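Asks: Given chain X's structure and the hints, the job is docking chain P onto it.
Read top to bottom, the protein sequences are chains X and P.
For this note's numbering, count along the first sequence from 1 and bump the result up by 1.
For this note's numbering, count along the second sequence from 1 and bump the result up by 1.
To be clear, the hints were calculated from the coordinates, so they are not data collected in a lab.
Careful: at least some of the hints might be erroneous.
What the simulated footprint calls covered on chain X by chain P, stretch by stretch (three residues with Cβ under 8 Å from a Cβ of chain P suffice, anywhere in the stretch; the number is not a length) [what the hints assert, rightly or not]: (1) 8-19; (2) 168-174; (3) 300-306; (4) 317-327; (5) 617-624; (6) 648-658.
Fair warning: this is a prediction, and the values are worked out from it, not measured in the lab.
We put the CB at the ideal spot given by N, CA and C, even for glycine.
Each chain is listed here by its residues.
Number of protein chains: 2
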Amino acid sequence: MSRPPSSLDPLLRPTSVAVIGASRRRGTIGAEVFLNLIKVGFPGAIYPVNPGATVVQSVRAYASVELIPDPVDLAVLVVPAEQVLDAVESCGRKGVRALVVISAGFGETGPAGRALQEQLVRRVRELGLRMVGPNCLGVVNADPSVNLHATFAPTWPPFGNVAFSSQSGALGLAILDHARQLGVGISQFVSVGNAADVSAVDLIADWEHDPATRVILLYLESLGDPRRLLPLARRVARHKPIVVVKSGRTAAGARAASSHTGSLAGADVAVDALLGRAGILRTDTIEELFDVAMLLANQPVPRGRRVAILTNAGGPGIMASDACESRGLEVVPLQSATEAALAGFLPPEASVHNPVDMIASASAASYEQALALLLDDPGVDAVLVIFVTPIVTDPADVAAAIVRAGRRRTEAGRAPKTVVTCLMGTHGVPAALLSLREGRFPSYRFPEAAARALSVAARHGVWLNEPEGEIPELTGIEAAASTPLRQVGAPRWITPEEVEALMRAYGVPCPRTRVARSAEEAAAAAIALGGRVAVKLLSSSLVHKSDVGGVRLGVEGSGAAAAWCDIAARLTELGHRDGMEGVTVSEMVPSGVELLVGATVDPVYGPMVAFGIGGVQVELWKDLVFRLAPLRDVDAAAMLDGIRARALLDGFRGSPPVNRAALQDLLLRVSRMMMDHPELVELDLNPVIALPDGKLVVVDARVRVG
Amino acid sequence: MSRPPSSLDPLLRPTSVAVIGASRRRGTIGAEVFLNLIKVGFPGAIYPVNPGATVVQSVRAYASVELIPDPVDLAVLVVPAEQVLDAVESCGRKGVRALVVISAGFGETGPAGRALQEQLVRRVRELGLRMVGPNCLGVVNADPSVNLHATFAPTWPPFGNVAFSSQSGALGLAILDHARQLGVGISQFVSVGNAADVSAVDLIADWEHDPATRVILLYLESLGDPRRLLPLARRVARHKPIVVVKSGRTAAGARAASSHTGSLAGADVAVDALLGRAGILRTDTIEELFDVAMLLANQPVPRGRRVAILTNAGGPGIMASDACESRGLEVVPLQSATEAALAGFLPPEASVHNPVDMIASASAASYEQALALLLDDPGVDAVLVIFVTPIVTDPADVAAAIVRAGRRRTEAGRAPKTVVTCLMGTHGVPAALLSLREGRFPSYRFPEAAARALSVAARHGVWLNEPEGEIPELTGIEAAASTPLRQVGAPRWITPEEVEALMRAYGVPCPRTRVARSAEEAAAAAIALGGRVAVKLLSSSLVHKSDVGGVRLGVEGSGAAAAWCDIAARLTELGHRDGMEGVTVSEMVPSGVELLVGATVDPVYGPMVAFGIGGVQVELWKDLVFRLAPLRDVDAAAMLDGIRARALLDGFRGSPPVNRAALQDLLLRVSRMMMDHPELVELDLNPVIALPDGKLVVVDARVRVG
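For reference, chain X alone in the conformation it holds in the complex (with noise of 0.2 Å):
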């Protein structure tokens, strides 16, 4: 594979290093970081800087980067913070092309940090060098053509196909130690710090062309700029998958937020969004993140969600069977002749259902022919296998026979399937694993981690043969008819009126509404609608209309006057008859299924829209699934199915099913408006009621712009 050159080249894979703060003394950043680049084997030189020494290490010094008589890619900086400035401004005389700075004390320590660092990414660009850090672990390209050890990190891991991004330089420690005892091999490792400069996403366009990287790890603790965020990672996960651990989930914090949308959509919802949409996985935990890369960087990514389980015990296998069905795999039924073909050559004791248990007399040709067999089963994407040492079998001859299963189905020219293994128990699973390790297939000690493994894995296979989607075009909007908004000062609850225009701009069907200042002008009102209507209050300060007796159904004429009257009086018995700015008079709408759509925006990610059971019933289950907009076709689809209470769209105890067509359209509507209207902040449709007939009708509507 060819690479193209990347702005990152001269961090990555440097053809010589300056060490800026390279010291004499052992124990010290500046003398490890030395040691590292020299003792693995870098193919150019590596030259220390340090004004105090002529000689660091057994090499040569320097007193600054510019005395170095060869030319300079790469510069690791572990001087102090108040040097780096000077040290940088020398770089960029010496023409190095590329900075790491370990060194610490910029923004991660207050305002006089983050001045500095501010600084240093000015004269960064100016100088037209790229930088990792500051505040950094370092850089790591186990490459053996580059060899590139940068860091503190006692560890060197061996070299593999999984790129590893850390935002936090003390789990990078972790990380390189854990990657190099479950034998994960490292393509590259950037640990990016305070990322001033060379961020995640940089790193992620890079490692596109990477022909080492297969797997890309990340742990972040903020996501970056996701307008480039998405497009990249949605282009590079169909190639290579992205796996991240994002911390920071509860410190999130409560957004301030007065619509029932913004307030039920924590921080997280909108990463998870974004995560989502991006096609990058997301575990809980680094060890996850582990077991899931050992997958993804040994074996191809499972094309479903059926699992067959291949065991020897039968205690393991049941294990394993509930902690597949309970991360959403399927333990499927096998084909018939699957279980006649294993029924032919295992003992009658043995269970040829999926799971299948040969019992504890299975021999290592017996775990070789049931292998395959599962394999050629068309309805299975997946094997786990267990293995259970009983004194009879050898694990490494067990270890053996599944390569070879695998290796069959292979030669035999039919697309590799999953496998992942556990070989548990046995004294002498590192031999057994060597075996499997050499094959590719990833081991795990116990069922529920290999399964959970599977689990993430499969979610991509089935997010990659998803359908793209595509953002449609929509009938009956009336392009004009947003310019007055775009006219709005401080932030405000926008008026009944400019809410109904706004909605039927953009084909948002709702009922006839008035707005009434007195008594009399919401009599006049329904009368003039006609029929029976709603009075509803109408307030700024009172968001929760039904709580304060806001509402009256089913008035009719002149009854709304007494309505008025009615709603009035309760609000003064609250306390509240301040808020009443008067009623809006509305057609009544027929009772059916009771909805919400609605939309908040991220100061992050920007608008998404969401959708759940509406009505008063929104705060009691919180049952509200969010995707960020613009939504594509394929988005509004999965929402409807994303709610718990999905079954109340199907035709629920009894009555007609949700018109689903009517509502995709109606989130797309609510997406569109929020892409044409930066300055709606918050947006509830609460209830949209879905009427037996079909028809959806948005009964109460309430938009904030800022």
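Replies: Frame of chain X, contents of chain P only:
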């Protein structure tokens, strides 16, 4: 500690052992069991029994156990299944007191094996023996005064205070190995196999008084007799935590049930109800089981959920904080005195708020000082200490500092608090860990595992502090009124008249109800009741009345005849007219909060009472909690807080709060009803209306007997 004699003494603490089927051939179970017994230093004699050899593994062998010239406490059987009964007869004649039957080929293989197993158990009991197995891995007692290794597992675990019972021998192998690698010391390990005689319950009873055992771990596929387990576990768990992995969650399968309550009570609900009541902690995986055991074996149980986090790096601190909060722990604010004391010696860049981040420059001395301060904060129940190696601080020093801080507190005479540690990513962790291990501080590789283990331990602490509760006396129960129900024959839904009588007998508030078998009877009933009534379909086959248009509300007087005709017409339309047996006519109940109280009977665990959101929404949200009957007062109170939609009880959206006392009383009455009437198998009170005036009314009650 003195220990009372136990019937398991000859099994777990024998003074001499015969191996029946001891083999000369290495690699066979018969040879490995014998060699294991010999090589760990068992203080008594181990006798090989083999009719075909005079010497086995260099030890004089006997043709039969009866020919051994000395007394034999325990016989380990490794002969083929068909020879086991003969061997048992020999053991009986010899006066052997206990058996470990490793041989497979019994209940696990099918009907013939089951018959053989029944025969075996009968003889074992007739001969007054105790037996572990058949089909098991064997028994380990690692107490140096016993040193019994009667298994064919290659691993001899380090001695410690954790006892383990496994229902899967295969897992047992993995478990012994895992325990060894984690350094979790084992007191005893028993693979119960088919548990034909000795079960986990017998072992808990023995381990209650075993001075070497402090924590009890169980791997279960079935729970055994709940009537024995429940009182035993409740008592033992007060002193020795019991932690279980119970597999077979999803395999449980659907139970035939036609009530709401029954259909929503999966088998796992009953298991959780039993374990919760028994004070047994449940974990999802074996790895988590050991993570929890590491904590409980070494540290005091946390008194509550309030956690302080101490770290020298931000990222891992955030991860720990997230993991704690997502698992129900509270990362609490520290007292201002604690923060001030921390600020006194930490650098200004450090964060003295929880999580306390001492930044990378933290020394071992800062760890000691900060940990001591956090332990002394009265608002803190447990401390999670994270250390990431920067180059400047040696992990071994930090480990020693942690040990010192813990010791300091104990020496000051203050109650020890829980400390868990996470020393991340150090190359030298093993050495550092050793000092922690000696100080009895568990250490985890990543913060999430530490938080997870801590959350389970904290759950135990909360359970320990809960009041015991009692089954209160209930007033107004007419004991005699239950008689008619006892005379039922085939399973059936009882009639509305019977339901009403039953409810009145137990003081359950129901509206007055009459049954009508014709339109004329319906009108007469409505007139007799007076006021507005509800007319509802009476049918033993059509369960969901409102789905088939079988409910008419607010009918007056002779209007009930029209309601009858409406219902009949609707059923005719649906082709269900045959299912109409009549209607019930009952007083109308005003609207209020709709709840469900129900009961179901688990075939193994007995009656369970359910509480949740009622009305037609039950199946949409499945928001029910279950507890085993008889309910204590504390159970009834906890059930109200156990549902997701608990906000509905506290005066949701302007409605008055539900009368909790009345609701608890109703739950206790239903519990009593289920205990009094073993013939009741399903019961749905749905909806139970909680009226604004604090009264409860059961609008619809369905009861099935069988």
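Asks: Looking at the structure, which of the earlier hints fail to hold?
Replies: Of the numbered hints, 1 and 3 do not hold.
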